[in-house]
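Note that the sequence shown covers residues 1 to 491 in this note's numbering.
Treat each hint with caution, since some may be false.
Stated by the list, open to error - Derived lysine to aspartate or glutamate pairs resembling EDC-like cross-links, with alpha carbons at most 16 angstroms apart: (1) 301 / 161; (2) 302 / 214; (3) 301 / 184; (4) 302 / 391.
Note that these hints are calculated values from the structure, not bench results.
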Amino acid sequence: MPPQPAPPNAASDFNHLQLALQQAQHAAALGEVPVGAIITSPQGDILAQAHNRTRTTHDPCAHAEILALRAAAQRTGNHRLQDCTLYVTLEPCPMCAGAILHARLRRVIYAVADPKTGAAGSVINLFANPQLNHHTQATLFAPASAADAALQTASAALLTDFFRQRRASQAQQSQQPAQAALRDNALRPCPSRFAHIPALQALQPFSQWALLQEPPSSTPTANAAATDNTSPHAPQRPWRLHYIDTAPHQLHQPQRPTILLLHGYASYHLLWADTIAPLHQAGWRVLAPDLLGHGLSDQPKKPQQHTLHWHSALLQQWLAQIHVTPSPQHTMLLHDSAIQLAPTLASTFPHCLTLVPTLPASPAPHTPWRTHCQHRPSFNLDTHWADTPEEQAQYAWQAPYPNPGHRAALLAPFWANPSANPPASPAASPAASPAAATGAADAASHTFFTIATPHLHNGAALRHWLRHNSNTLLAHLPTNPSSPTPPQTTS
């Protein structure tokens, strides 16, 4: 005659739930949802012990109950665990309830009800479904003594503390720029697309993030674009800006001479990959942002989001955030469409270097490659920018644009056709008066110097020039900011 199941025993239930609680504590120590489970034989012997391991094993099925069922089945050599009992610290979910029914367990004793996913009566009761051919008795542990109540309280407290800490951690992470939630009207390239690019990996120690609030709009159209697809009453999430900063921790230190590198159309901080190190080694604090819509920064979905006012306001907000204050030593180096931003930055960066081609009849701003960018969503930017076969094979310039939806900036007139938004000053003309250059009395000292080099309308040629002419570039920087005397042109 086979052994008969032991009758239910309150003391035995307490002891086994105590062991399940210990398993739950092990789970909490691993950062898992703290649930523990014990399975006993019909005679009361322990067959298996387990705790949640979903995160550790990357397995959504690795709940404590499932792992305990698997271990008990292996030990008994039978997937049917007839007349066995499961003790668990939290009411089983529907997945676990289904496995329990398949295993033909006799009883389930749980310490705490789960009002969100409980399948033993809190949300649904799968164990009492009359249409099923097996029924397991599922019971919430009923405290009969102070010790019983303490056990139940401890099981509940373990879960409560875990989720409280996780909410606090998530709230803290949401305030960190690198973890910031994405706006509804923006896209964001996947970081893994940049992980294989050696030039970017070399700059990784200087990689920083900033969260920027939507600036007040100067036009109704831009304001509508800023709130597209969002509730008018919902708080606006900030824009996430990626930038390179070679001296990010100088808040309480004397401010170093700073050079701001601004890329132009269809580019990002990779443009300056061979320029940043020489400038940093020469003593400059180097700042190289990926302007919104480019590089690793957030990308507005609508081209009309990109306006001179919008980019200028965001840049000024970012500079204030990283404690860059006006200084006669500061300089900016601008390329292509970014020259439009010079006047609004003049008070902070009084010296401006621009990169322009020396060809007698240089191409119009709207060159054929820009046309390809706007009308051919699959146009490979590496064919324009990469100056070595190795770089072209890395798809480094295509990385920010995984699909056409990410190319809104490339369609915006502000970037694609700078002549539609002429700057307040003729930045490419060294002869221009300072007042005309800034259009503002407080920036009347703004000086422009042009580094004119051959064929800079070609991205690969520009990359080649920057890679091999760092000394020329350094020679143009104002060594004596009070009276800068760099040459106006070079070829």
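TODO: Of all the hints given earlier, name the ones this structure violates by number, lowest first.
DONE: 1 and 4
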